[in-house]
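Each chain, letter by letter, is given below.
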Amino acid sequence: MAFRPRRAMAVFWKDFLDLRKNLGLLVSMAVLPTVMVLVPIGVVWSYVRTPNHADLRSVAMFYDPNLPLGASAARFLIDKTLTDWFGMFLVMPVFVPILIASQSVAGEKERRTLEPLLASPVTAAELVTGKSLAALVPAVVITWAAFICFCVGVDIVAWPLVQMPLMPNALWTFGVFVIAPLFAFFGNGVAVLISARVSEARMAQQLSALVVLPLVGMVGGQVAGFLKAGLAYYALQGAVVLVLDAILLWASIRLLDRERLVSRWG
Amino acid sequence: MSGIHVEGLGKRFGDRTAVEGLSFHVRPGEVFGLLGPNGAGKTTTVRMLTGLLSPSEGEATVWGHRVDRDGEALRKVVGLLTEQPGLYDRLTARENLRFFMKLHELDEAKAWPRAQDYLRRFGLGGRDAEPVGGFSKGMRQKLAIVRTLVHDPQVIFLDEPTSGLDPESARTVRDAVAELASEGRTIVLCSHNLSEVERLCERVGVVKRRLLAIGPVRELRRAGQALDVRVDGEAERFLNVLASLPFAPNVLAEGARLRVMLADEAHAPDVLACLVGAGARVHSAVPAQRPLEEVYLDLLQEGRG
Ligand SMILES: Nc1ncnc2c1ncn2[C@@H]1O[C@H](COP(=O)(O)OP(=O)(O)OP(=O)(O)O)[C@@H](O)[C@H]1O
Ligand SMILES: [Mg+2]
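Protein sequence lines, in the order shown, are assigned to chains A and B.
Numbered according to this note's numbering, the first sequence spans residues 10 to 275.
Numbered according to this note's numbering, the second sequence spans residues 1152 to 1456.
One or more hints might be untrue.
[Claimed, not checked] Calculated Cβ distances over 12 Å to all of chain B for the following chain A residues:
id, residue
1, VAL57
2, SER67
3, GLN172
4, VAL232
5, LEU251
[Claimed, not checked] Example chain A residues on the side facing chain B (calculated, C-beta under 8 Å, incomplete):
id, residue
6, ARG16
7, ALA19
8, ASP27
9, THR122
10, GLU124
11, PRO130
Rather than coming from a laboratory, the hints here were simulated on the basis of the structure.
Note that beta-carbon positions come from the ideal geometry of N, C-alpha and C, so glycine has one too.
Whole structure, please, built from the sequences with the hints as guidance.
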């Protein structure tokens, strides 16, 4: 069975068109980036507003007992926030493809559109490729757009204190362009596999969404001071996800065939 | 090998047997009717013949493609109208059709006018820019039929094509089906509408897990060895003369019609000679036919026993 890119692109075209007309989904997709951008800007702003507040130093000392006396605690906390928030920011590239892919795979079953689709010449591999692209492209574009807004917002808010652009820094640039797509691939893979098994988009979404819990947990560990985030730390996360991506890809190719999709109609 | 060849086809889902030992052939240009009660295995059969389900036993060839091996090539030449229309509600009618043109890698500039012709014929002309979500049940069904035909398939499977259609639309669809067959396409029609099957199909198969009967509609409807004769005036006048014939043990008269049960078909000319001899003016004499519905229900009754 030859892989025909035109057929995969047809699936991508259809899903993307459908996404553009799905107002409910667009709204739920927009909420996450908004929160992801506004929350850290707000935190940075609160540090900048009262840089000499005595309590800031105590908080900073909690994370780094060896903080030099002359160093600005506000600046230290801003840097820490920016570094930790990247872990939270990664929830977005995982979650957006889950929202889209659950709709597009389990949704086809739910609305009984899968049978005519599978009766066309499209192969399972083309179908998964088209659908994955339709979930990945918006996820990555949204992540990048949010990143730009985030950089601009943080720089504007932090300017009175630091008098120089803080963002984009090396960690975020590497993270958003290299690690985030790997995470998006992961979220999509999980959603596609789960959607192929269950017959309702909602259920697929809920089950797939569980994968963001470890991410949130790790950010919790950072805030609690157990985990110390940095470039190497995130690069390690990226490497783990890369391995998971490879496993998911292998599993999707093995597990998704026509018969399985057709006979598992709920 | 054109047409459809099915040999000992069967499908099990776990320990439930949906279909077993199905064998039949359909010639190009023929409309073959698949009849059977709910859950008889019609849709399952059609799914196997379009490569959606793999058979548990037996084999089938559709337009020269083995259904268990050449799935992709097979799906290029078949069109399947599924039981449920399965359209994308947020997309317009045109976008729904364009998607399938793309999946078939068609030149849209050529395929679209053809699709538009069908849309117009089915009364959907001018509504192709509306989202399908706002279409009525019958409109969806008709759009799904157009989608089945966008790639000009050689073999067409129609699973209850006229369900939900008003009488006029149903007729338009029937005309289109007849026309497609006359162009040499092979058509399999699953339906619960017996009069529709009778009008469209030359041959039918009655299934209930197994094939209960198969053959030309006229043959299935043959009511034993009986002859229907239409004469001028009251048919009753000839009851006595016919009753004297040794090979016509049973005769019924109703209006201008006589039904003569024969011991042997070979005696049909003798019956006519006798009638003419008795002064009857015979308009027509045909082998008696039972309504398809009666034949169908009897078959199912026997199948149960
Ligand atoms: N995916 C499946 N899994 C398990 N059983 C199935 C599946 N598909 C069909 N069946 C069973 O196979 C049998 C035949 O079903 P099928 O849909 O082919 O009937 P049908 O003749 O099309 O009926 P109808 O006239 O109601 O459309 C039924 O008993 C059904 O429950
Ligand atoms: Mg059916």
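| said: Checking each numbered hint in turn, tell me which of them this model violates, lowest number first. | reply: Failing hints: none at all.
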